[in-house]
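Colleague: Spelled out from the first residue to the last, the chains are:
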Amino acid sequence: MPDLGNRASAIGPQPIAERFIVPHAMLAAAGHILQLLASDRRAELEALVIPRAAAELRGLIDAIASGAYQRHKIIAHAKVNHHYYVKARLFGESAAPFTLPAPAGRARGALGHLGSVQSCERTHRLDALKMNACRFGTETASCKR
Amino acid sequence: MQKMIAVDRLARPDEIILVPVERIREARIDQGIPPNNVMPLEEDFLKGRLHGIATGEMQAMEAAGRTLFDFPDAPWEFQLDMARQVWDESRHAEIFSKLLEYVGSYLGEFPESEILWSCTQVDDPACRVAGINRGLEGLACDVFEQIIRMGQKMGDPFIERAVDYVLADEITHVRMGSKWMRKLTEGEPERLERAQQFQDNIDALFNFDGFRTSREDAPQVPLMLGDRQMDFDATLTISRETRLLTGFSDEEIDRLMKAAARSSAY
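First to last, the protein sequences are chains A and B.
All residue numbers for the first sequence refer to the working numbering, where the first residue is 1 and numbers rise by one.
All residue numbers for the second sequence refer to the working numbering, where the first residue is 1 and numbers rise by one.
Simulated from the structure, these hints should not be mistaken for laboratory data.
Please note: incorrect hints may appear among the correct ones.
[Claimed, not checked] On the chain B side, residues computed to face chain A include the following (Cβ under 8 Å): (1) Ile24; (2) Leu46; (3) Tyr102.
[To be verified] A few chain B positions that, by computed beta-carbon distances, are all more than 12 Å from chain A: (4) Arg25; (5) Arg28; (6) Gln31; (7) Gly32; (8) Phe71; (9) Arg149; (10) Gln197; (11) Asp233; (12) Leu244; (13) Gly247; (14) Lys258; (15) Arg262.
For every residue, glycine included, the Cβ atom is placed at its ideal position computed from N, Cα and C.
With the rest of the complex left out, here is chain B:
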């Protein structure tokens, strides 16, 4: 079996359309909507957001499995953690497939982008867990916290509880990433720096050009859900409370917030 699967080599069943993220950005720009992510005020917001997460969970499952396979010489405990993560992510993929049905969508309604998989393209397990577990799973924690709040505001216990259940796992994945990033680079400060740099690049990639703010700074906009309207965040929020649970320090969270604010200035 081939190691280090390239970004265009993900296998998918016929009913899924997998495209480079540039294609999706192009289509969104052509329609005059923010290029990077489906946002409130768009008619497909909830479906699109849940679809993005469902496919993200699939890629997270594949990424953890690939990390296990790509680095056979990594410590046994590391491999056990990655195996556990594969199991977690497969459960999450099922949960989000069900949630998609719940909101009147299905897997394949929207294209799947390769962007998350592109974050696996590194041949050091320390960088891999820094990027995926700390970068991407950290982002997932923010996204999930926001959806949980949305579920609460909608009075919908299914979305709220299902996503809360998944968030509990994601918090452990981020912690796992922090642990292994440090353990695998013990006595190698340059390697640790490279891993942190890799994560910084991924965080920057997902700053969404100013469409990411703190919870407190998020402007409120009307959001239509079925025939109901409610005010909700116009941006993707960074949740300090959740990030602290994952083991991020206040300083790291501040850095993330500053980077998001800087990105909005460009």
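Isolated chain A, as found in the complex:
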């Protein structure tokens, strides 16, 4: 029996698959959206959001203290086929870091949505925006459907 911890000694079909590289355009689009959120540029954000997520976006904007954040960092991303979810953190000089998204989409176990913002925990989710990069003109795989 080969060593199970050593991939090179595997006797199955190798490699089964390569690691997927997240498109740079998706990360750039996410970065742009985060910048807009941090700087409270509501009109520009509303122009980007898909219609069914408009209310969620408003909740998200309202949950972020206006002018409190200057920087952002993408801390995780995940995909469903060619759709992406991004978790990010906003930073400001005089405000506690704000993390989006986080498990705050539901209120106390009830089926909920982004309207149930738990700003006391400074958490929210960004997937409402669906990384709708097409509308940025930044082509990603998700735009090519």
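Starting from the known structure of chain A, arrange chain B on it as the hints suggest.
Modeller: Coordinates of chain B only, in the frame set by chain A:
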């Protein structure tokens, strides 16, 4: 420490994105793919399926631990079984994390859904083990049997043996669930019925709208694995042989199969 942790209260490290299952369904429908589960023909099938199991094992570990904590008055032997299950599931989570690396993925590549945790939302230990041990772990037995067959067909002993090793544990978990569902409800037929009803609801939740069939009825579709192509099941299969090992009766398996077939008609 708080009892009965709500479905949105699972703690996760930064690199994991945890979302309600509706979000994932929405994204899948938007892309014109079956809403409920990653299926063959999708380029991420093997990675996605193993990722779903890895996060499922984590939630199973948390669920068994929570059952132990939420019901301190349950019999000592029940608590011992739950503690043993926590240990088993933690080993499984490690195994599937390794398998993810093996197929070129990693924990966090896909979002984690809260759906399995939502099956813990009940305040009776009999319902809890009916839903989790018999419902979810029973489903896991079907899923694992299918992956083992896939590993065999691929000629990949790592996937085949690793998953077979985990399946052996899962079979004991289902048996454990059957034992405790009956023992905890002795002399209380209504409570037993409630527990079985809870499990039925969970089974129905995972029927995947017709994407679940018997092994024999599963249509075969071409599946790409790296640069190799092979024919494999297009559906998630129910394995009678494995279910019998877990202590399900033929009648219970027939009921499960019928429910899956009914679901495809909607």
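Colleague: Could you run down the list of hints and mark each one as holding or not?
Modeller: Here's how the hints hold up against the structure:
Interface hint at Ile24(B): satisfied, since its Cβ lies 6 Å from the closest Cβ of chain A, which is below the 8 Å cut-off. With 8 Å as the threshold, the beta carbon of Leu46(B) comes within range of chain A, its nearest partner Cβ sitting at about 7 Å, so the hint holds. Taking 8 Å as the C-beta contact cut-off toward chain A, the hint placing Tyr102(B) at the interface holds, the least distance being around 6 Å. With a minimum CB-CB distance of about 9 Å to chain A, Arg25(B) fails to clear the 12 Å threshold, and the non-interface call is violated.
Not every CB of chain A lies more than 12 Å from the CB of Arg28(B), the least distance being 6 Å, so the non-interface label is violated. For Gln31(B), the condition that its CB be more than 12 Å from all CB atoms of chain A is violated, with the nearest at approximately 5 Å. At roughly 8 Å from the closest C-beta of chain A, the C-beta of Gly32(B) falls inside 12 Å, breaking its exclusion from the interface. Listed as a non-interface residue, Phe71(B) keeps its Cβ farther than 12 Å from every Cβ of chain A; the least gap is roughly 18 Å.
Distance check on Arg149(B): its Cβ is at least 15 Å (rounded) from any Cβ of chain A, clearing the 12 Å threshold; non-interface status holds. With a closest Cβ-Cβ approach of about 20 Å to chain A, Gln197(B) is found to remain outside the 12 Å limit, as its non-interface label requires. Listed as a non-interface residue, Asp233(B) keeps its Cβ farther than 12 Å from every Cβ of chain A; the least gap is roughly 18 Å. Even its closest Cβ contact with chain A, about 29 Å, leaves Leu244(B) beyond 12 Å, as expected for a residue assigned away from the interface.
No Cβ of chain A comes within 12 Å of the Cβ of Gly247(B); the nearest lies about 30 Å off, and the non-interface call holds. The beta carbon of Lys258(B) sits about 29 Å from the closest Cβ of chain A, which is more than 12 Å, so the claim that it is off the interface holds. With 12 Å as the threshold on Cβ separation, the claim that Arg262(B) sits away from chain A holds: the shortest Cβ distance comes to roughly 25 Å.
Comparing the model with each earlier hint shows violations of hints 4, 5, 6 and 7; every other hint is respected.
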